[in-house]
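Student: The lines below spell out each chain.
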Amino acid sequence: MNETSVSTRKSRLKNRKLKESIFYWSLLAWPLLQFCIFYIGVNFNSILLSVKKYDYVTGEFSFYGLNNFKTFFMQLFSENKSMWFCFKNSLIVYLIGVFVTTPVSILFSYYIFKNGKKKNARWTPANVVAETAKILLFLPTIIPSIALVMMFKYFGENSLPELLNKWFGTCFSGLLSNDRTALFYVFGFCVLTGFGVNMILYTGAMSGIDKSLIESAEIDGVTPFRELRKIIFPNIYPTFVMQMVLSIAGFFTSQAFLYSFYGSGAPDRVRTFGYYLFVTIIDSATMAEYPYASAVGLMFTILATPVTLATKYLLERFGPSPDRDGRIRKVETNG
Amino acid sequence: MVNSNGKMRLKRTNNRNWLMILIVALILIYVLVIISPFYWSIITSLKTRNDFRRNFNFGFPKMGIAISNYYEALKALRVQINLPAGGSRYVYFPELFLNSVIYAFGCMFVQNLVACIVAYLCSKYGQRKFSKLIYSIVIVTMILPIAGSLASEINMAKTFGLYDSFFGIFVMRANFLGMNFLIYYAAFKVIPWDFAEAAFIDGASDLKVMTRIMFPLIRPTFLIACLLSFIGYWNDYYIPMIYLPSKPTIAYALYCLQIDSGSAVSSVPAKMAGSIIVFLPVFIIFLIFNKKLIGNLTVGGLKG
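Top to bottom, those sequences are chains V and S. Residue numbers for the first sequence follow the working numbering, so the first one is 1 and each next one is one higher. Residue numbers for the second sequence follow the working numbering, so the first one is 1001 and each next one is one higher.
If you're looking for bench data, these hints aren't it; they were derived computationally from the structure. Note that beta-carbon positions come from the ideal geometry of N, C-alpha and C, so glycine has one too. Heads up, a few of these hints could be off.
[Stated by the list, open to error] Interface residues of chain V toward chain S, partial, derived using beta-carbon atoms under 8 Å:
id : residue
1  : 13
2  : 15
3  : 17
4  : 18
5  : 20
6  : 51
7  : 143
8  : 144
9  : 158
10 : 254
11 : 257
12 : 288
[To be verified] BS3-like mimics (lysine-lysine), calculated; alpha carbons at most 27 Å apart, straight line:
id : chain 1 : residue 1 : chain 2 : residue 2
13 : S       : 1189      : V       : 19
14 : V       : 14        : V       : 211
15 : V       : 211       : S       : 1291
16 : V       : 166       : S       : 1062
17 : V       : 14        : S       : 1158
18 : V       : 312       : S       : 1129
19 : S       : 1189      : S       : 1062
20 : S       : 1189      : S       : 1124
21 : V       : 211       : V       : 119
22 : V       : 211       : V       : 114
23 : S       : 1291      : V       : 118
24 : S       : 1292      : V       : 118
25 : S       : 1291      : V       : 19
26 : S       : 1208      : V       : 312
27 : S       : 1158      : V       : 312
28 : S       : 1129      : V       : 10
29 : V       : 118       : V       : 10
30 : V       : 14        : S       : 1062
31 : V       : 53        : S       : 1189
32 : V       : 17        : S       : 1132
33 : S       : 1189      : S       : 1158
34 : V       : 114       : S       : 1208
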């Protein structure tokens, strides 16, 4: 009897495991198939394309060796400075993201986190500033980028130069049609639109910090700067690392809204690698440019991968660990 | 003693608040910079062409309010597409709107559903080694900076017959990679498995537990993620431009209007009216849901 009961239980357990496996694998079947085709397959195809060339007559691809890579390197080191501009501008966009957008986003998020209106509390001026900032910082993220670009484009071409001329006595023409100011204007636009997502990520991370820790620090009279440095930052550090790591890919892929501003005709001086790659593909009426674009993309990936992994390693290795800082926090805020 | 202490504390607090003052100053600069073009665009969209030529700054319309700009912009929001049989035709606002709805809603739905299901399986069936592998795949694909797969993706879409069809784009978007997976994973992780175990004892199947117990518990997260995805797809014009050439959306039509300098609507007031027409629906959605949208979406780090 006892043996029967054990074997029944075993069989039930087996049955349950089988049902669970069927459920698990049947739900995973599509996502895995999709991943195999549209991630692994696409990237594998990208490698294959990079060593091929397109035949205009037959419309077929044929083997071309490493010539696409050679063309890219020749362009990179040619006297035509277009690639140099791409590199310079991509670097500027990246550095602006790291040294302007991210720190300012953390500051804004900190202010919103500290002064956001609590339920059933009375409105204070700080609440009003924080809640207004929250909406206005997020606004560029939800507005169609093309509508926003359109507003800024015509504002920068028509009204703003007039105002700047009036205020500073200079002689600005349209800010986008002038090579000198276009770069500054477009990259400034990138900064303005970059706060929204960062704010969501950082305020989300800040809301997970132990409230008692912050309250005890406040009672001890900790300064906002010290609180930000010693309590907030170590706790949002994983989010910060994630953002820093993901932003490296942006060095090669960020278009900086250039396609929205200029279509395919952005001046060489403002182009980035991301824009260059995108326009190479978009402007190709046939698939003729696909092999070259794939080769360029592959080169970028090969260059960016070790940098990304090294950045992740270094940031995690030398950044503040929440545990270690938890200890430091207590000592310092009490002092 | 009390007074003295009080004074000291006040002085110290004032000295220490420089950071908050700096942040408020930065916020004010930001608000000024972001509001000015908005205000200018709204004012400009109400000016006649002649009025704009003479008074293109922040001044109010002096020659009457030109609502006709909006009518003109609605007419101008059109995209010329090539027909398979040869020749071409224009796609106008109602069809553009419908295309936008189908594209944004469809992509939002398939992408979030797949990400949600896979995140559920990874977080709740985490004892399976494959779940850990999937989680690692998501993290690795986020970290790996793949730069130039667009050409290959278009090439594959054409090869598989997925190019230029809504069904094709839905198939291509129905993946679990990206930030949404991490959002759902974090949401499922905090839900205790006890509910499920109790249901299993009562004879519920895995599917029932997932659809009747677990999914309703993360409904707020799901709705917010869906809303953000919907807005993202609604605003996106790159993908429709690349993959759906014969099914243009409103955002793409606005792009065409933006670069169009030769037509009758090349006037700035009409273009501004066009941008406001496209911006308004999303802005209204945002105003309704802003408290929920800018809320508690939490994403962890990149630990694999």
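Student: Each hint: holds or not?
Tutor: Right, here's what the structure says about each hint:
no.: 1; hint: 13; result: 12 Å, violated
no.: 2; hint: 15; result: 12 Å, violated
no.: 3; hint: 17; result: 11 Å, violated
no.: 4; hint: 18; result: 11 Å, violated
no.: 5; hint: 20; result: 6 Å, holds
no.: 6; hint: 51; result: 12 Å, violated
no.: 7; hint: 143; result: 5 Å, holds
no.: 8; hint: 144; result: 4 Å, holds
no.: 9; hint: 158; result: 5 Å, holds
no.: 10; hint: 254; result: 10 Å, violated
no.: 11; hint: 257; result: 11 Å, violated
no.: 12; hint: 288; result: 10 Å, violated
no.: 13; hint: S:1189 with V:19; result: 23 Å, holds
no.: 14; hint: V:14 with V:211; result: 46 Å, violated
no.: 15; hint: V:211 with S:1291; result: 21 Å, holds
no.: 16; hint: V:166 with S:1062; result: 21 Å, holds
no.: 17; hint: V:14 with S:1158; result: 45 Å, violated
no.: 18; hint: V:312 with S:1129; result: 25 Å, holds
no.: 19; hint: S:1189 with S:1062; result: 60 Å, violated
no.: 20; hint: S:1189 with S:1124; result: 7 Å, holds
no.: 21; hint: V:211 with V:119; result: 16 Å, holds
no.: 22; hint: V:211 with V:114; result: 11 Å, holds
no.: 23; hint: S:1291 with V:118; result: 12 Å, holds
no.: 24; hint: S:1292 with V:118; result: 14 Å, holds
no.: 25; hint: S:1291 with V:19; result: 42 Å, violated
no.: 26; hint: S:1208 with V:312; result: 40 Å, violated
no.: 27; hint: S:1158 with V:312; result: 37 Å, violated
no.: 28; hint: S:1129 with V:10; result: 23 Å, holds
no.: 29; hint: V:118 with V:10; result: 54 Å, violated
no.: 30; hint: V:14 with S:1062; result: 81 Å, violated
no.: 31; hint: V:53 with S:1189; result: 48 Å, violated
no.: 32; hint: V:17 with S:1132; result: 18 Å, holds
no.: 33; hint: S:1189 with S:1158; result: 39 Å, violated
no.: 34; hint: V:114 with S:1208; result: 42 Å, violated
The structure shown violates the earlier hints numbered 1, 2, 3, 4, 6, 10, 11, 12, 14, 17, 19, 25, 26, 27, 29, 30, 31, 33 and 34.
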